[in-house]
Amino acid sequence: MHNLAFDIAHLLAGGLVLISFMMLYQDRLYALLNIFALHAAVLAASVAWQAFIQNAPHLYVTAAIALVFKAIVIPVALHRIIKQLGIHRDIETAVSIGPTMLAGMGLVALSMVLMLRVTGAADPLAREDLAFALSVVLLGLLVMVTRRNAVSQVVGFMSLENGLVLAATGAKGMPLVVEISVAFSILIAFIVIGVFLFRIRERFDTVDVGALDEFRGERR
Amino acid sequence: MVVISDIFVQLGQMALVLLLAPLLTGVVRKIKARLLRRRGPSIFQPYRDLLRLLRKEVVLAENASWLFRVTPYVTFAAIWVAAALVPTFASGLEFSWSADLIAIVALLGSARFFLALAGMDVGTSFGGIGSSREVMIAALAEPAMLLMVFCVALIAGSTQLSTVATFMASSEVGLRVSLGMAMIALIMVALAENARIPVDNPATHLELTMVHEAMILEYSGRHLAMIEFGAFLKLLLYISLIICVFFPWQITTEGAGPLSYLVSVAAYIFKLAVASLLLAVFETATAKMRVFRVPEFLGAALMLGLLGTLLRFVSRGF
Amino acid sequence: MIPAVAQQIWCVAALLGTTALAIASSRSRRSTALVYGATFAISLVALAGALFSLIARTGATELTLPIGLPWLGSHFRLDALAAFFLVVVNLGAAAASLYGLGYGSHESTPQRILPFFPAFLAGMNLVVLADDAFTYLLCWEFMSLASWALVMAHHREPDNARAGYVYLVMASFGTLALLLAFGLLSGAGGGYGFAAIRSAQHTPSEAALVLALMLLGAGSKAGLVPLHVWLPLAHPAAPSHVSALMSGVMTKVAIYGFIRVVFDLLGPPSWSAGVVVLILGGATAVIGILYALMENDLKRLLAYSTIENIGVIFTSLGLALAFQANGFGLAAALAFTAALFHVLNHSFFKSLLFFGAGAVLTSTGERDMEKLGGLIHRMPLTSFVFLVGCVAISALPPFNGFVSEWLIFQAVLQSPDLPQWVLKIMVPAVGALLALAAALAAACFVKAFGITFLGRARSPAAEAAGEVDRYSLAAMFSLAALCFLAGILPGLVIDALSPVAQAMIGHRMPVQANDPWLSIVPIEESRSSYNGLLVFAFITAAASLAVYFIHRFASRAIRRGPAWGCGFADPTPAAQYSGASFVQPIRRVFGTLVFQAREHVDMPAPGDLRPARFKVDMHDLVWERLYTPLTEAVWFLADRLNQLQFLTIRRYLSLVFATLVTLLLVLAIWS
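Sequences listed follow chains G, U and L, in order. Under my numbering, the first residue of the first sequence carries the number 7, and numbering increases by one thereafter. Under my numbering, the first residue of the second sequence carries the number 3, and numbering increases by one thereafter. Under my numbering, the first residue of the third sequence carries the number 3, and numbering increases by one thereafter.
No lab work stands behind these hints: they were computed from the structure. Being a predicted model, the structure only gives us computed values, none of them experimental. C-beta: ideal position from N, C-alpha, C; glycine also. A portion of the hints provided could be inaccurate.
As the list claims (entries may be wrong) - Ranges of calculated distance between the beta carbons of each label pair, as one might list FRET restraints:
#	chain 1	residue 1	chain 2	residue 2	range
1	G	P105	L	L632	23 to 29 Å
2	L	S207	G	V124	23 to 29 Å
3	L	L383	U	R39	54 to 60 Å
4	U	R71	L	K617	38 to 44 Å
5	L	E465	U	A205	37 to 43 Å
6	U	F272	L	S546	52 to 58 Å
Start from the sequences and build out the full structure, keeping to the hints where you can.
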């Protein structure tokens, strides 16, 4: 039984890393949003499974929050924003896919080396969860770095946050308060950035953050 | 006595793959046709095609060299030997130790090497375009395949297919995300290597899109038959490989009675049928991609293999 | 009975005598046959001696000659490692001499080659035999200079002078690094003998520095990226049999130096040494083969492919270091044996391929693949052996290249036992690089063979080609046979290599000769095994069966007709796929990153009668980012220092005075 519990937790966490990679690979906005929704759904499943095996009912709330907000509300909202902005056909990456994937691989290797070495004595479940969580966080950062489009940067930021939630649930005993606050802060960040998007759009007629640099006179 | 029965199993395996290969392709074609609401040719059509091609005379280009005439037999033999070494229904094949998974990959590489050369032999631009694209695809598919082999071999502790199959059939494996990734990588590689949609379309003769067909454009008669037969075998081989590594249930291990062989042959054929159904549905549901999207597709397979190998270290946490 | 090492030294003396003979008989018309005949015979004798001491395990024999430094003398020693590399050297030398018997007769200025050829062979033999630092460096420099003279043999051809210059600079740099390495090794006490170095203790920082210097010194001779730049210039510039020796054998002598110092003299390695060597090796393999793919000059393509193989060998040595540092003797022996096996294999097929390129060059006068094609009809035998070489170097079964790659992969698969996480994660990644390099190598040699030998002739010279002479063919066929034999009987080779692994690692691979059906089993049979003989037999049987059944029961009719080509008749051979177009897909996948390749298409509008133009921009980043700034810095400094030549006497005196005071100050602070 214990083995199966471990296997499923492992599968879900590993799936999260894989979906982060799909985000790196995907350069169309709608598809990116769909993948993000999947990311959040897998996160919800993973958190729920942790709640089950740790006998920690408050984690179910976290799972529900992840499912409702991140897998449904936010993607739908972003969908609408994209539609309003008329940027749904945009495909742009600052760096091409091959090197990005390689860099992603390197980051995963890095987090494995770090986490597995540091947490040698910890419970194996927490240990691998932490290793996966760090990979997801780093991959989220990578998405933010390699994209120019503000919407994809928002998605990257949220996937990063998913990694944090994964780490928090794996670590056992993180209080719910923190969870909710983290989730809300993300929501607020999303709103802020959403408004921000409209502002960019009004001023410069594009959501390419490169336009901001140009405005400040920093031509590349 | 055991040796003799093992040799029989080995010979039976060689004959079985030879017999089943065209049927598999026929079934896939039939299902695809039915999915498109066509009636489609009979599932035995590939046998008839082969026989018809065998009876025809060979029309050889004036500039063709001996290499062009030898290649069909070399590629066919290499693929056949590789296919005979993959455990399909019994894991204790007499000669399975003579080549492990890496060697099987390399045998397929030999077959492709000669086919790519034959494409360039006559000196038409179509042959060149086919060979050039084929080696590009191979340059990515082969490392992806080897990484998947690494991943599986590191988990099973062996590159020997019989050992891998026995290990995977045992209960100690469990669900592992690395294995899932390796499987997806293998399926992607298999699609590319067998010139299936979305990488290549075996039914096309539009010059700008074809890869494999462009390479063998100059072949006719019995030479073409051998190459087609090789392609059928290759499809069977890859599906058998996926079955053997990831779904080795009901495979007969050494020293079992004759009845268990019957059961495992039946199980094998059942698994093949399921695989051909899945393949046909997948091919009907997707569109062929541009040639220069293929590197990204295979790059993803490569990354999956590498990721699986890396994540394997986490799997051993317990 | 004279000791084995003395036999080898006599052979070297005979080679040096041949040099004198070559100088003396340079006016004679028979000198070519005389010199190559002599080197052929001497190399065979030396080969037999080395092979005997390797297989019979006679143990190390030593010899001191009263030449060189007066208080030291010259030490020579023949142990298992030296014996193995002597086999590689002399086998290559014998093949090259045999080839030279035919190839040399086409030479326009034989007096520029004949004296240096035996000297070069003698130099390589001496480096392997040397047993003290002074002799080693002296012989190393002798070898470099002799090969430089051979590179400059055709000095009137454009580019060759530049190749010679770059080679000379890089060789001097390498020797400097080696000099410093040996200086560090022998320490302040000046124990120049290898025995003294071996018994001395080396601190970890010292060992790390020596490793770095060896990577610079031996690596620059072997062609590690980014020290490889001279290699694709110099190797092709020499006459083809010398190219074969430089690529197939001299790079191996550099590897011998690396092994001798790092595995033998330096004592137990640290695992971080393995990391460095692994990264360098993997990067060298992939970058080397990508360069090779982009190349359209046949000999330069082969030279770049040498870089790839050196990368493979270094990767395997890095694995051996990593295992050795952690005390995994069996795995280390496996990786080390794989490296040696690849050394042997590469010397076989690279020599073979360079001979083939030389044969093409003599019979067509062309090295540019875009002007060749269709040679399979006019040079059937050459093309057959060249094909064997291509299959072998592409690591395809049942030939020898596959066996060593397979062994390396098996060593990679031992990596999870390693305790360091960095290594655990990195070794499979390097394995991926090797797999990529192997797949690209196959693509590269499809191109090399396909463009050169297949298709239709692209120039009148290729149209008029003919088969080469019998000596060249004999040399190529014997090497091809060796490629094949080592591929189907790898167990014998592994067993022959075991004393070397035993001496360097302290462990050996399991005895292979007892395995049934001559298969090879690196660790145990349930883990992995391979049987080249059976695979070959199966393929042959399956192919013959197919041929028999088809020709017996189906049709065997053949009709010749014009090529079909989808109905497009393309009358001109120029419309064929060329080398550049063949690699275009791969260039688009890898080239944008590695070479910053950009394609420019200039397509005129309909009605515009301009021809359409297609242009590819490629950048050699190693040159542009590393060497160009370096040379500019050197120029700048030289310019500045030049002013020192125009000072007054008073200023010169003050300079000398300042130097003296500085030195005294340094001394005061230090002690």
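Structure-based check of each hint:
no.	hint	in the structure
1	P105/G with L632/L: 23 to 29 Å	26 Å, holds
2	S207/L with V124/G: 23 to 29 Å	27 Å, holds
3	L383/L with R39/U: 54 to 60 Å	58 Å, holds
4	R71/U with K617/L: 38 to 44 Å	39 Å, holds
5	E465/L with A205/U: 37 to 43 Å	39 Å, holds
6	F272/U with S546/L: 52 to 58 Å	35 Å, violated
When held up to the earlier numbered hints, the structure conflicts with hint 6 and nothing else.
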